[in-house]
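K.L.:
Please build the complete structure, drawing on both the sequences and the hints.
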Amino acid sequence: MFKITALLAICTVALHACQTNATTKQAPVDAAAAAVAPTPPPNATQNMAWIEGGEFTMGTDDKSSYEPERPAHPVKVHGFYMDTTEVTNKQFKTFVEATGYVTIAERKPDWEELKKQLPPGTPKPADELLVPGSLVFSPPSTPVSTDDISQWWQWTPGADWQHPKGPGSTLDGLWDHPVVHVAYDDAMAYAKWAGKRLPTEAEWEFAARGGLVEKRYAWGDQFKPHNRFMANTYQGSFPYRNTADDGYKGTAPVAIYPPNNYGLYDMIGNVWEWTSDYFDADAYKHIDKKVMQDNPQGPSATHTANMYAIERVTKGGSFLCAEDYCVNYRPSARRGTAYDSGASHIGFRCVKDKE
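Those letters in the sequence shown? Residues -22 to -1, 1 to 333, per mature numbering (1 follows the signal peptide of the UniProt record, and there is no 0), in order.
Read the hints as simulated data drawn from the structure, not as lab findings. Some hints here could point you the wrong way.
Stated by the list, open to error - Here are the in silico distance ranges between beta carbons for each label pair: (1) 102 <-> 198: 45 to 53 Å; (2) 97 <-> 206: 44 to 52 Å; (3) 28 <-> 104: 48 to 56 Å; (4) 33 <-> 331: 16 to 24 Å; (5) 148 <-> 121: 30 to 38 Å; (6) 28 <-> 153: 25 to 33 Å.
Unchecked claim - List of simulated lysine-lysine pairs, DSBU-like, C-alpha gap at most 30 Å: (7) 41 <-> 202; (8) 227 <-> 68; (9) 330 <-> 71; (10) 86 <-> 68; (11) 54 <-> 330; (12) 71 <-> 227; (13) 193 <-> 227; (14) 86 <-> 71; (15) 193 <-> 268; (16) 54 <-> 193; (17) 193 <-> 263; (18) 41 <-> 54; (19) 143 <-> 68; (20) 193 <-> 330; (21) 143 <-> 71; (22) 102 <-> 143.
Owing to the predicted nature of the structure, the values given are computational and were not obtained by experimental measurement. The beta carbon of each residue, even a glycine, is placed where N, CA and C say it ideally should be.
P.N.:
Take a look at the structure:
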């Protein structure tokens, strides 16, 4: 969870942990994203897999899981198409060139709008800090407390999808990697342009499980079956020593690791993926486990302990999920991410309804 500091407030990723009274909020509509016109390609389902839909157990009762994942409950989803891979830098570049879209990380923060989302009395940051940018993973050189994420996340002016590590960095050699530094509205804009949409959390989890029943991982109960890495995660000691035993210290090219039973790649690891659901950490606690949830769309608004946070559900974990820190490389894992924020480890994929 991100803590409020001046810099994190600028990028609006934070807005966590400074308030204790739960509240419900909806996100405002982003004008730039809303203005994107749908222009689906002739074969709109190319590089997508048909997911038949059906019933499954969503969430988990595994005691080693995190509380927002519990309890397990029955869910039914309808059929849909899903991108077989996360949206790549090459694909996102095509979208930007076709539409002229500017991502949130590339826009100068509007203090008058930003302060509406912050606690009353929050001082205005220095003008030189109110510049376009995003959060970049910057590992420390020595062990640090994992209770303080500011030890490895750095607000970096000039960081965006085209410059993933900040000014001077490029996408050379990364065109087939998942696009990162995309906020929820950026992902929505791409999906709209492509004639698609973002998956619900239930659709995402159903697809990630690949037909397996109540397995810990998307491929079974063993993390490394036959000593083979199945996903791009973090090895070593988080956050200062990444041994990259799986071959990658950062994002990996899509479709490098084995697909699940539905032909979907990287549903686990690589980058967290946006879903359309608002996040409520207690959502599952209010569900009647005896009643089948039919194609759930999630809460109507975010419900969080921080009255200033508006969060959407992200799923799947990322290349920063480590055994000694964030064991979120499981289908049931879920977290809330500020809707107007991108970072080095957040991407997305799309789904499409059958016409």
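K.L.:
Hint numbers the structure violates, sorted upward?
P.N.:
The structure breaks none of the hints.
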